[in-house]
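Protein chains: 2
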Amino acid sequence: MSRRALVLGAAGFLGSHLCRHLLESGWTVTALVRDARAPYVVRRLAGIAHDLRLVEGGAGDEGVLDRLVADCDAVFPFAGRSGATRSMTAPLLDLAANGASQLALLESLRRHAPHVRTVFPGSRLQYGRVLELPVVEETPTAPVSVYGVHKALGESYHLLYARVYGVQTCSLRISNPYGPGQDRADQAFGVVGTFLATAARGETLRLYGGGHQLRDYVYVRDLCRLFELAVTRPEAIGDVFNASGRGGTSLREMAETVLDVVGSGSIADAPWPDDAAAVETGDYVGSAAKAARVLGWQPAVSLQDGLALTWAELRTDLAGTR
Amino acid sequence: MSRRALVLGAAGFLGSHLCRHLLESGWTVTALVRDARAPYVVRRLAGIAHDLRLVEGGAGDEGVLDRLVADCDAVFPFAGRSGATRSMTAPLLDLAANGASQLALLESLRRHAPHVRTVFPGSRLQYGRVLELPVVEETPTAPVSVYGVHKALGESYHLLYARVYGVQTCSLRISNPYGPGQDRADQAFGVVGTFLATAARGETLRLYGGGHQLRDYVYVRDLCRLFELAVTRPEAIGDVFNASGRGGTSLREMAETVLDVVGSGSIADAPWPDDAAAVETGDYVGSAAKAARVLGWQPAVSLQDGLALTWAELRTDLAGTR
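Top line first, the protein sequences correspond to chains A and B.
Sequential numbering from 0 applies to the first sequence in numbering that gives the first Met the number 0.
Sequential numbering from 0 applies to the second sequence in numbering that gives the first Met the number 0.
Source of the hints: derived by calculation from the structure; they are not laboratory data.
Quick reminder that beta carbons are idealized off the backbone N, C-alpha and C, glycines included.
Heads up, a few of these hints could be off.
[Stated by the list, open to error] A partial selection of chain A residues facing chain B, derived with a Cβ cut-off under 7 Å:
1. P90
2. L91
3. L102
4. P139
5. V148
6. L152
7. S155
8. V163
9. G165
[What the hints assert, rightly or not] Quick look at which bits of chain B chain A covers, simulated, 3 or more residues with Cβ under 8 Å:
10. 80 to 87
11. 149 to 156
Turn these sequences into a full structure, and let the hints guide you.
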């Protein structure tokens, strides 16, 4: 019998890729979305919608959760709100979306489905400014944005419920994820997607602060493999893992690779906007050693290859909508 | 001109003592309470109600906050919900009371009153289980209760708003506070108050786990002096301080002192109730060295003296209600 997954926020960037990955791995997938006919949902789930059990509802709706969790083997609580800069302008909304929603899920699991595995989609932004690279999981966390604070909160909930109630969960602190489908103008959805979309229009990629800041970029399909391991390997339970890419790349280097892959666009320096500067963490490169050691996971896709794959899909999309 | 304080949750244990202390120190005090005629409010504010500017309203009500903060020099956000065990049975309520309320206040301050000083009433429960005593502020925090998670969250908000917006705040991680007015049957309000009330009835103080667990008890009037320093000394801003008592005392030793002071009651061992065991941290003794070094504060009242003072008030109350 195939394993049954419940994906909350299934039409999000990460959620939609995970649905695809789980279907390919033989899972039965229930996908919760707010509105199955919304254009972005239709677009994100194109090609897999008929293989999913699509359910409409709010991920924070207790009745919906209680009913759905009892009926699955693993739940992926990906519904939430992205973006550090954005979190500063609507902090209480961010709390509801990224904090309270996780607590509601954990309450549902401990009451109705203690056998169900889950995993928290954490963020490298939990760490805040770091002094030593690469960053290991023992590094103290001191977030510098409301988003980072709420990701730390969500993780605290998951670890607490694992310890006190035996809820079978763990946390992945995701670096900069990228891949097809992230091509939104709003940088809250990831700088890689923004840069690809900008270059595709032949416009200028703006690098703040010289573009020297290091990041590690992790390809979304690599991430999906790790999320599957996180809800299937017993070693994961109660623990925290960096979900990091294959080492550090400067923003400038990433931008140059984007120009290379897309074949258009240009690069220019730009001053830091105040709102982005306020939540900037400085260099970040996570160590993926623990996930390798404990879960046998390694990010397989290089930035060059990942950007090429992402561009290939984006180009097809752009051709289709022209 | 006298300084103007706004105390949220002014009828709480800590809030009512702070109102008294601030009045004695020459402050003008606005006291926000939910219902000025509720019996516990009348009792807690007995003797000072006429010296306060008493305002009715919810501490989470944006309109109320925006209006009141613009009109004061310091705000003490003490409205909240006590009790680690209790937080586990109503975690979302605890989030609203101890987390969201702090975020709402900070938003109000950054928008309407950036000149106003404030201070977060944190808790030693933010640390969770600790390995080394006494605990210093650099110790990583890993709370083992929803209450502890939300106290850590509140502190994160305060430090973030200090860093990003220049809100003039700091955090005090309070050990076990005790003093007059804490004599409720519910242990959420402090084990010292519970023990005194129990002994006064000539009943048995129940010690879980042999009573060997170390705690540090801090007398409420010592705490009030520290809270005043926290909103007046510039060195406090953006920093975190333990608000600890004068060293470690075992639960049994504290209970024996209670019997001594009260002159009635008895002690018996009892097994840990499951709900209390789940959130138990083990020994805790905080170091008050940083508050001494930076703010010049030291807890002055010994446990013996503090219990005697507390018992003197409780005895008078009991005589009055007989």
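| query | With a cut-off of 7 Å, does the beta carbon of A:P90 approach a beta carbon of chain B closely enough for the hint to hold? | reply | holds, 6 Å
| task | Let me know if the C-beta of A:V163 comes in closer than 7 Å to any C-beta of chain B, holds or violated. | result | holds, 5 Å
| query | Holds or violated: is the Cβ of A:G165 closer than 7 Å to a Cβ in chain B? | reply | Since the shortest Cβ distance to chain B is 11 Å, the answer is violated.
| task | Verify the coverage statement for the region 149 to 156 of chain B against chain A, using a C-beta to C-beta distance below 8 Å and requiring 3 or more qualifying residues. | result | That given contact holds, which follows from 4 residues of the region 149 to 156 of chain B lying within Cβ reach (below 8 Å) of chain A.
| query | Quick check: the region 80 to 87 of chain B, covered by chain A? Criterion 3+ residues, Cβ under 8 Å. | reply | violated (count 1)
| Given A:V148 as an interface hint, is the shortest Cβ-Cβ distance to chain B below 7 Å? | Hint on A:V148: holds, closest Cβ of chain B at ~5 Å, below 7 Å.
| said: Interface hint check: A:L91, Cβ to nearest Cβ on chain B, cutoff 7 Å. Holds or violated? | reply: Nearest chain B Cβ about 6 Å off; hint holds.
| task | Report holds or violated for the interface hint on A:S155, using the least CB-CB distance to chain B and a cut-off of 7 Å. | result | holds, 5 Å
| Against chain B, is A:L152 within 7 Å by beta-carbon distance? | holds, 5 Å
| Holds or violated: is there a CB of chain B closer than 7 Å to the CB of A:L102? | Holds, about 6 Å.
| Restraint outcome when A:P139 is required to lie within 7 Å of chain B by C-beta distance | holds, 5 Å
The structure fails hints 9, 10 (numbered hints given earlier, in ascending order).
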